[in-house]
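Participant: Given next are the chains, with one letter for each unit.
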Amino acid sequence: MTSSPGPTVTAPALEMRGITKRYPGVIANDRIDLTVRPGEIHALLGENGAGKSTLMNILYGLTRPDEGEILLDGEPITIKGPSDAIARGISMVHQHFMLVPVLNVADNILLGAETMANRVFLDRDEARRRIRELGQRFGFEIDPDETVGRLSVGWQQRVEILKALYREARILVLDEPTAVLTPQETKEIFAVLRRLAAEGHSIIFISHKLYEVLEIADRITVIRRGRVVGERLPAETNEEDLAELMVGREVQLVADRGESHPAGVLLSVESLDVGDDRGREVVHGISFEVRAGEIFGIAGVAGNGQDELVEAITGLRRPAAGRIRLGADDVTMADPRQAHEHGISFVPADRHRFGMVTSFALADNLVLTDYYAPPYARRGVRDDAAIAARAEEAIREFDIRTPSATVTAGTLSGGNQQKMVVAREFDRDLRLLVLDQPTRGLDVGSVEFIHRQTVRKRDAGTAVLLVSAELDEVLELSDRIGVMYRGRMVAILDGPTASREHVGLLMATGGQETSPGAPQGAAVPGSAPGGTRA
Amino acid sequence: MRIDLRVPLARARGLIALPAGAILLAFIVGAVVMLVSSPLVTGHFDPSLPLRTYAAIVEGSLLSVNALVDTVVAATPLILVGLAVGLGFKAGLFNIGGQGQFLMGAVASAAAGAALAHESPIVAITLSVVAGVVAGAAYGFIPGLLKAYTGAHEVVTTIMLNYVGIQVISYLITGPLRAQGASFARSPDVQNAELPAFLNVGTGHEAHIGILVILVVVPAISWLLYRSTTGFEIRTVGANPDAARYAGMQPRRLVILSLTVGGMLAGLAGAIEILGVSGYMPAAYATNVGFDAITVALLGRATPGGIFFSGLLLGALRAGAPLMQVKAGVPVQMIDLLQGIILFFLTADVIVRYVFRVKAARAKLDELQTVTRSYGSGTGKP
Amino acid sequence: MLTGLFDIPVLGLVLQLLDFLLNVVTVNGPVILSLATPLALGAMCGVISERSGVVNIGIEGMMLASAFSAWLVASVAAQAFPAEPGFFFGVTPALLIGLAAALATGVAFSLVHAWLSISIRADQIISGTIINIVAFGVTAYLDLLLSRTSQPSGGKFLAFAPPQALLDLPVIGWLFRMVLAQGPITMAAIVIAVVFQVLLFRSRWGLRTRAVGEHPKAAETVGIDVIRLRYQNVLAGGLLAGLAGAWFTIDFGTTFQTGMTNGRGFIALAAMIFGRWHPIGAFGAALLFAASGALGTAIRTTPPPGQLGEILTSIPEQVFSALPYLVTIAVLAGVVGRSVAPAADGQPYEREATH
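Protein chains in written order, with my numbering: chain Z, 9 to 542; chain G, 379 to 760; chain Y, 34 to 388.
Rather than coming from a laboratory, the hints here were simulated on the basis of the structure. Careful: at least some of the hints might be erroneous.
[Said to hold, decoys possible] Taking beta-carbon pairs under 8 Å as the criterion, some of the chain Y residues facing chain Z (in silico):
1) R235
2) L240
3) G286
4) Q290
Just so it is clear, the structure is predicted and the values come from calculations on it, not from any experiment. The beta carbon of each residue, even a glycine, is placed where N, CA and C say it ideally should be.
Sequences are here, hints too, so could you generate the full structure?
Facilitator: Encoded structure:
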C-alpha cells in the first residue's frame, strides 16, 4: 500500500476528470468526473447504454478517451492498455467473466502475471501456494487445480477477484458483478468486497440494481446518456430518487401486470429427462404445467438445466424420457418446425446465435420462422411483396426504429433487434410463448415495452413460459414461479406472494436446508405431483 | 439476360470496383514476375515480355471469332464449377472438390458415351450427360453426407476425394475402359454422343451446343437461391446454422443438398468437356478447373451473376494461354499464378482501396464465417 | 509361430494379414518414420498456429514452396561452393543454405497468411487457399522454366549411421534402426515434437498460446498482446512447414516435381485433428498415415506369399495409392466429432478499442 495509513483518507486514490468519448453519432461519455477515495466502495449507477462500460474501458486502457485526464494518487497518468492499468494497480472484473473455461483456476490467475521458475517455465507450485494463501486471507478457499469451466458462476467470480488480488490491485472495478448471482451469493460477494475495502482497496461497483447499490456503496455516482447526473450518499437517498436520476423520468419500479385469469392447462411437462451436448443428463424428471392465460416463470442460477428444458419444449433438443403435451397434442418428439406449427413461439436467450440472421434484411428476419408458408411463399416460391407488406406492418406495430425494411438486421440496435424477434414470435396465431432471457442487456424503454407485450399476450389467453436468470424479472412478471436447481424443479410457488429471499434460497441450495414441512411458499393449486422437491 | 435484378445498383458498383482493382494489380504483379523471370524465358533480360504476354492473351481470347469462341468454350466449365463452389459458399461450405466432381462426371460420361457410341445422337447425348451429372452428384453427396453426419470438414474431405478420384480414373482408363489399339491409355471415342457444333465447324475452334447450357443454368441457380424457399434455407444455413435450426430448417439435409447439387453442376461441366471438346477421356486428364472455380466464385462474390462474368474472364485467360505460350514463351502455369494473385488482392482489399482510392463498402461473404467456424468441430447437432 | 494357424479358413487369412502388417511395420519402420516426417511437421505447423486461434490450411502450399526453394537454392549453392558430403549427416554448405532458404520461404508465406488472417481479418480458410494456389502457381511456373536448362541437383542429407551393435540387438534393434538411422530433418522432427509438447503445457508461452486460442479477449484483458502472439505462432509454424518442405528435396529426395506435396499438407491437417491439437498426438497420427502409404508400396514390391498374397496382388494398385487419402477421410469422419478444436480457432480478433 502506497498511501499512508490512518484517518486522513480524504486524498482521492483515483480521479477521472472531464472524460469525453465520442463515437460516430453518439457521445458515450460527456465530460464525466469521477473521484474514488482509498478504502471506498463507489457505486457507478446507470442503465444499459448510459456509458458506464465505456468509462471503465477507458480506465482500463481498452479505449482511449478523446478528452479528459486520469489521476492516480494525484499524479496524472495515461493508460495505454490493460497491462499498463494492471501495472498501476487497477484491475477489472468484467460482467462477462474473462476466464478461459478449459484452463484450471491457477492457470487462469497466472495468465498474464506468470510466476516463473526460470525464464521459460512456470512455477505452478509457488502459484498454487500464493492462491491458497490469498483465498484464506479473504475468506474463500479454492482448489487451484479445478477446471474453471466446472465452477459455478459464484465461484468463477471469486476467481476473477483472486486474479485482481494476485496482481496486487489497489483499485478494483466490478462490472455488474451480481447480475448472475443468487441473493445469497450476492451477500457473500458483498462480504468479500467489504473486507477488501477495509484493507484499503478502492472498489468501483457498477450496477443498475438500486437496492444493491444502496446496500453496498459508500458513495453513488449516477450517469445517464454519458453524463454525470448526480452524486449521492446512500443515507441521503432512496430507490425512487435514484431511479428517477438514472432514467430521467419517473419510473414504475414494478410493472403493472394485473390479475391473471388462467383457463385450463395448456402445456404439461411430465417426468422430463434431457441430456446436454455431451450426453450427460442435466434435466431430471421435471414435471410442471402452464395454464392458458398465465405467466409461469422459471427462476434458477444459469446453468441449472433451464436451457436444455427450454430447448426440449421448443423442439431444438430431443428429451431422453418423459412427455411434453400441448393441449391434446403430444409434442415430446416434435422438431422445431412441428413445435412452431403447434403454436409454440420462442424468443431465444441468445438472439444473435438463434433468433436472427444478422446479414439478412429486417424483412427476411421477420419471416424467419414463417417463410415457407402462405402468404409468404406458395409451392416453394417466395412472395416478396407479401414479405415486404408484413415487414411494414411489424415495423409500425412494434415500433421498430429502422430506416427501412431492407437494411440488414445486424445494423439495428439491440433493443430494436429484440423488438424484431418479439414482433415475429408474438404476432402470430400461437398458444404457448416461451421467453428465454427476453430482456437481457436492453435499455429500460425496451424492457418496459417487452414486459407490457408479454402481459398483453397473457391476458389474451396465451400460456407464457418465462425463463430468466434475473430473479427480479421473474418475480415481477410471473403468476407462478418454478425454481430449478441442478436439473430439478425444486419448488413451484405462487408468484405474487413469493419472497425474494425464499426464491433466492431455493435457487442457491435447492431447499435442502429446509426440513420437510417448513414453509415453501404458498402451495399452488394444480401444480403437478413432483413439482415440489422430488 | 435477367440475372439478379434484386441486387441493388449501389452494391453492384461496390462489387465491381474491388474485383476490377484486384485484377489490375494482379496483372501488374504478374508483369513483375515475368520481368524477373524473363532471362529464363528468352535467355536474356527482356522488358517487353509482359507486354507481349498480355497482348498474346488478348489476341488469343478476344480479337477474332475463333478467339471469342475459345473463350466461351473455356468459360463454360469454369462457370458451372464456379456455381458449384459458389452454391457451397452460400450454404457455408467450402467445396474444394469441384475438381474431383468434374473428373468423375467426365469419366462417367466418357464411359456412357463409349457404350452408346452407335445409338442415335439424342439418346447417346442425353444418357451420357445424365451419367456425368449423376456421377458428379454422387461425388458431391459423399462429402455432404460426411459433413452432415460426422462433422468431417469438407475442405479436407473434398481434397482427399480429389486425389482418390485421380486413382479411380487411372484404374478405369488403364483397365476396363481402355480403348483397344490406342497409342496411350484412353477411353474409346464417344462418337454419336459428341455434342454437335453450331459455329466454326471443323476449324478446331468449334462452338458446341454445350455452351448454351450456361444460359439456362445461371438463371436457374439464381432463381433457386433468391426466389425459392429452398434457396432461403440454404442461405440461412450458410449465414447462421443455429438460426436455421431454430427456424425449423434442416441443416443436415441442406448441407447434403448443396454439395450434391454442386456435384451435379461440376459433373455436368465434366460431361460437356468430354462430349463437346475432347471426345474421349485420357488416364491423366490435365485440368485445373476445380481451383480456377474457386477464383471464379470468390471473384463473383458467390452470386450467379458475378460468377457468370468472372467465369468469362478466367475463360479468356485460359483461352489465351496457349497463344501466350507460343508467342511469348511464357508457360501456361503463369495463369495459375495470376489467379492466386488476383485472389490475394481480392482478399487484401485494403491494398486495392489504398492504391485506387476506392471507397466501396467491404463486400464480405458472411457465409464464409460458417466455413471456418465449423472447422474441426463439426456442424451443429440436430 | 503363427504360421501353423494360417490354413484355417477366414481366420487364417486374418492372421496372415496381421502377420504381414506387423512385418511391413517392422521392416519398413525407418521408411515409415521418414515418410511421416513432413506430415508430422506439417501437423505441428497446424498445431502451433491453431492453438493460438489461427486456422492454417495453407500448409500444403508452404511445404511446396519451401521444397522448391530448398532444391533450387541448394542446387545453385552446390555449383558455387562445391564440397564433399560432411561426416555428419552428409552436410555440405549448399545443403545448409538450401535448408535456410526453405525455412525463409516457409516464414515468408506464413507472414502473408498471418497478415491476411490476423491484421486484415480475412477469412482464414480463404487466406490458406490463396497460399496454396500461389505456391502451386509460382513453383509450377518456375519449375517449367528451369526444366529447359536442366538444373543439377544440390544433393541431399544422409541418414545417420548408428553403431551396428545397437541395430543387431534382439527384439528392439529395429526400433533403434527406425529412430536413429534417419536424416537430420526426421530427427529434428522428433526432438521438436517433444520440446513443443513440453513448452505448450509448461511454459509461459504455452499458457498464453492456449489462452489466446480459447478466449482471446480474456487474454487481452490481462495485458497479453493477442495480435503479436498470433503472429509469432503463425511465423513459427512457417518454420516448421519450411522444414517439412526441405524434407522433400534435400532429405528424402533430391529433385523437385510440380505439385510434389500431393495433398500431404491436408493429410497433415487431418493428423493434427486426429492428434487432438497435441504435438505428440499429431506425430502419432502422422505415423499412422505414413504406415498406410507404406503398406501399398510393400504389397506392390514384396507381396506376402500364399493365399493372402494372391488376394492382395489382385487388388488394383490404385486402391493402395488411394489408401492414405481414404484413411484420412475415415479418420476425420470417425474422430472429428469427439475432437474439440480451440474455442477461438478461426475467429479473427478485433481489439475493442478500434471502434
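Participant: Mind checking the CB of L240/Y against every CB in chain Z and telling me if the closest is under 8 Å?
Facilitator: holds (6 Å)
Participant: G286/Y was flagged as interface toward chain Z. Is the shortest Cβ-Cβ separation under 8 Å?
Facilitator: violated (36 Å)
Participant: For the restraint on Q290/Y, tell me whether the closest CB of chain Z is nearer than 8 Å.
Facilitator: This hint is violated: Q290/Y lies away from chain Z, its Cβ roughly 41 Å from the closest one there, beyond 8 Å.
Participant: Under 8 Å is the threshold here; is the Cβ of R235/Y close enough to any Cβ of chain Z for the hint to stand?
Facilitator: holds (5 Å)
Checked against the numbered hints given earlier, this structure breaks hints 3 and 4; the rest are met.
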